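Using the hints, position chain B against chain A.
Residue numbers (numbering that gives the first Met the number 0), protein chains in the order written: chain A, 0 to 895; chain B, 0 to 84.
No lab work stands behind these hints: they were computed from the structure.
Keep in mind that a hint or two might mislead.
What the hints assert, rightly or not - Quick list of in silico lysine to aspartate or glutamate cross-link-like pairs, EDC-like style, CA-CA up to 20 Å:
hint : chain 1 : residue 1 : chain 2 : residue 2
1    : B       : K20       : A       : E55
2    : B       : K51       : A       : E64
3    : A       : K38       : B       : E43
4    : A       : K695      : A       : E534
5    : B       : K51       : A       : E534
6    : B       : K20       : A       : D68
A quick note: this is a predicted structure, and the numbers were derived from the prediction, not measured.
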Amino acid sequence: MPLLVKARSFLRNLFFTRRVDADLDQEVHSHLELLIEEKIRAGMPAAEARRAARIELGGVEQVKEQVRDSRTGAFLDSLLQDFRFAIRSLRRTSGLTVFVVITLALGIGMTSATFSMVDALIFRPYPVPHPSNVVTLVGTTHDSSYENFSYREYRDIRDNTKSYDGVIAYAGMQAVGFSAEPGVTPRIKGGVMVSGNFFRVLGVEPRLGRGFRADEDQVPGRDAVVVLGPDFWRHEFASDPGVVGKTIHLNGTMFTVIGVAPDSFPGLLTFGHPDLYVPLAMAPVFSTNLGKNFFEDRDDRELTVKARLKTGTSLQDARNELAVLAKGFERDYPNVTRSRGAAVYTQFQTRTIEDDNWKFGVVFVILALAVLLVACTNVAGLLLSRARERAREIAVRLALGAGRLRLIRLLLTESLILAILGGLAGIAIGYGVIEWFHSKDTIVFATELPLAVPFQMDKRVLLVCVGLSVLSAFLCGLAPALQSTRVDLVNALKSADVEVPGRKRLWGRNMLVVAQVSMSLMLLTAAFLMARGFEHDLMLDTGFTKDHLLMTTFDPRLIQYNATQTQQFYKLLAERMRETPGVQSEALTQNIPLGNDDFDGVTFVPDGFTMPPDRENFTVTMDTIDEGYFDTMGITILRGRAFAATDTADAPRVTIVNAHFAKHYWPGGDAVGKHIRLDNSAGAPVEIVGVAQTIKYQNMATPTDFVYMPLAQHPVARMVLLLRSSGDPLQLLQPVKDVVRSLDPNLPLLQTRAYEEFYLNQAVRGPQIAIDLVGTMGLVGLLLAIAGLYGLVAYNVSRRTREIGIRMALGAVSSDVLRLVMGKGFALVGTGTALGLVMGFALEQLMNSMLFDSGGVDVVAYLIVVPSLFLVAMLAAYVPARRACRIAPTQALRYE
Amino acid sequence: MHGLGISRRIQQLTGGTFVVKPGSLFPALHRMEEEGWIAAFWGESENNRRAKYYRMSKAGQKQLEAETKRWSRISLAIGQALEAS
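Chain A extracted, bound-state conformation (with noise of 0.2 Å):
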């Protein structure tokens, strides 16, 4: 009851001020007239009376003030007061203000565009009902703590552990030839196989019909059901609510449409959105792997398993058990699983061990908070010199007995709207970077798979934001908030240059030039560094040719050809391409360098190699290519001899390495003629008969050993075929097409450009992107820095005006007084920059574990930033010393 009276007093303080003040001022002016009647009433006279009654009521105002400060609410309401104040005098001065909230905007905004990134990468939770549940089963290995698990490994696990609700299968997302009727030539859609119980363990309700039944998961090829992605449904079916039971084709196959997945349900990948889920029954038509059967074989490991954790099911439980089964796994079936070991990851885990690119946007969050200290550091320069000017104001203010900390609060209520401001203009600049990553032109997926950019500007970001806006305002405001309140009352109402030059306030100033110095220098560092890192990777050379190349992938698979029509297929198109004319030479590659997909693996042990005692084998990079490709590349042959069409599938096994790996395992000697043996050291001889120069084969890796097959030797399905053209590329397409048609006019043609095209959209935008987003970083920051840096430092020497006077009236000629306070400039920078030196490095140190050697310190960048950062400091001691000089003596002393 009584929280009701109080919160009843406390609407009505808020709302009815007016009325509750009215009340008020006639309660205290009654009071007034009862004591002067008394007092009348006493026998005084009236006039005496009144003046007795005034002096012991002590003031109307003054009461009034102590009841509204005893009133509930009363801290709100003074809080509003310094906000109207504080809106007031931030209106005064718009133009510190509009520098201030533009700055501050600047670091915001860059954060927030580059923590959505990380948010993405990282910490945005899967699309499903209590997320946090559901963890990543793994396989381990020697080279790797992210190893997919086999169909008959993810069946044992299934059904062999008790930690989790429900343990969920998916494959990659493939490309499937989708068509609404059959005879038509399929388009590319994204389809992922997914195990029977996918939706129902991960929660999620189809928006239309149902989801997988376990029993359609259990016979291989019988049940061919697909549940629709909302996106798909959306464009491929115009949103039809009747889409439920109707059939489509895929990869040539009958399928039933049985449900659509939700809007709320994009997928567990993060940059792509399949249109398509099918169960992983259904592998016949669908699976990658030619040479596997993936029902069977323990080691055609395809697929991701996820697993919802039973509640009260440790973590460390569900390892151990997971760990004993691996350990089941190793004994009983030592040929294929020698070796492997198992762990469970939380998503956090996952995220951070399955891909890199985080680590990109992590090293782009720092740079970006880099920005914002350098802001901060400015706009509190700022607020200072400010508070300065309004020393006088405040020292009023503080003799009619404000209390400090109200007066600490106003100016900080002050930089909070500062901040809030910056805050909200931040997000605009966030919002439009975000959108310009999403904008068509800036991020090119060169591919038919409905990939997207996941960046957003989401909740958290929001909250980042938020947060850093307040933690800003502190940073920005506290120091001047406490130093302009901590005066000396009667110097400071006596002049308006309150200047005690005692040393701690001198201090104060002094750590920011020096923090705008090093971190400005810090962050130039990391974004020479960066910038430097992706061009060197762009400018290396990546040892194959680019240009005159037209490229074209076949999938025959999507047309339901057996390997044996696989392989006819690719031996007739490679045929008759070479004799098309305009065609120079041709060539077939399972994948292309610096391609989307990633390269094949193959474990093997080298001939006549010692093995590490823990080894068995090694696991390789490998690419499956005809006799035609290193000619159409134009990859050099080092040793040896190229594939030949000798090299049949009857022929002697044969292959080539490159010259990485040839100098790995026989460091000495010629690898030409030597042998590697495929799984393991009984496995079938394969001969080395060549080794190609080494050349580059993803983006931002290092050189690898890797290794080619011989298409025919080593049957694969989907084929890029590349053609090297004479005059434009894009002229063959016409030829290449009329080819295909005479041999199957169904099969179609993916993926089809311009080499040179795909390799810019590929492997250089994305560099380029973050070139441009480092060098904005630093050239704002720099910016920044010299802005803020000239401010401070002229403020401080314009401060000592008074004192060059008194020193030139003493006697002191000008040069004295100019090396004097270029002299304290100089010390200042120099401070700064050894600072910023050593936070570049040790910055440099991390960037270069984290990410790549971008090759050393940069003395280029050094000698060109720091010795601009002396001249900027250097001149803006000079301009006002200078000026201070030059006025008389007589006016500098009474300069104020």
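Chain B alone, transformed into the frame defined by chain A:
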């Protein structure tokens, strides 16, 4: 009873030991009103002047009893402590 009346009454009852000045009186009265211990209303003084009157509420009665108990306990304790020393 109006504010001045309360103030005078206290002065009277305590033999002039406690003189409650308006600067303490009004904040205290308003606080107590906000707590719901007393109720305020406008009325006429004996000389037909408008004045704000205060009356103790039920909650105020309870609070008074509680405070009185507390006070007598404290004063007793302090008295004992002072005597003992």
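Pairwise hint evaluation, A:E64 against B:K51, where the allowed Cα distance is 20 Å at most: holds (18 Å)
For a C-alpha distance cap of 20 Å, please report whether A:K695 and A:E534 respect it. Judged against 20 Å, a Cα distance of about 15 Å means the pair holds.
Within 20 Å, alpha carbon to alpha carbon, are B:K20 and A:E55? Since the Cα atoms of B:K20 and A:E55 sit roughly 7 Å apart, the hinted pair holds (cutoff 20 Å).
If you draw a straight line from the CA of B:K20 to the CA of A:D68, is it 20 Å or shorter? Since the Cα atoms of B:K20 and A:D68 sit roughly 16 Å apart, the hinted pair holds (cutoff 20 Å).
With a cut-off of 20 Å on the C-alpha distance, tell me whether A:K38 and B:E43 pass. Holds, because 19 Å separates the two Cα atoms, which is no more than 20 Å.
Pairwise hint evaluation, A:E534 against B:K51, where the allowed Cα distance is 20 Å at most: violated (82 Å)
Hint 5 from the earlier list is the only one contradicted by this structure; the remaining hints agree with it.
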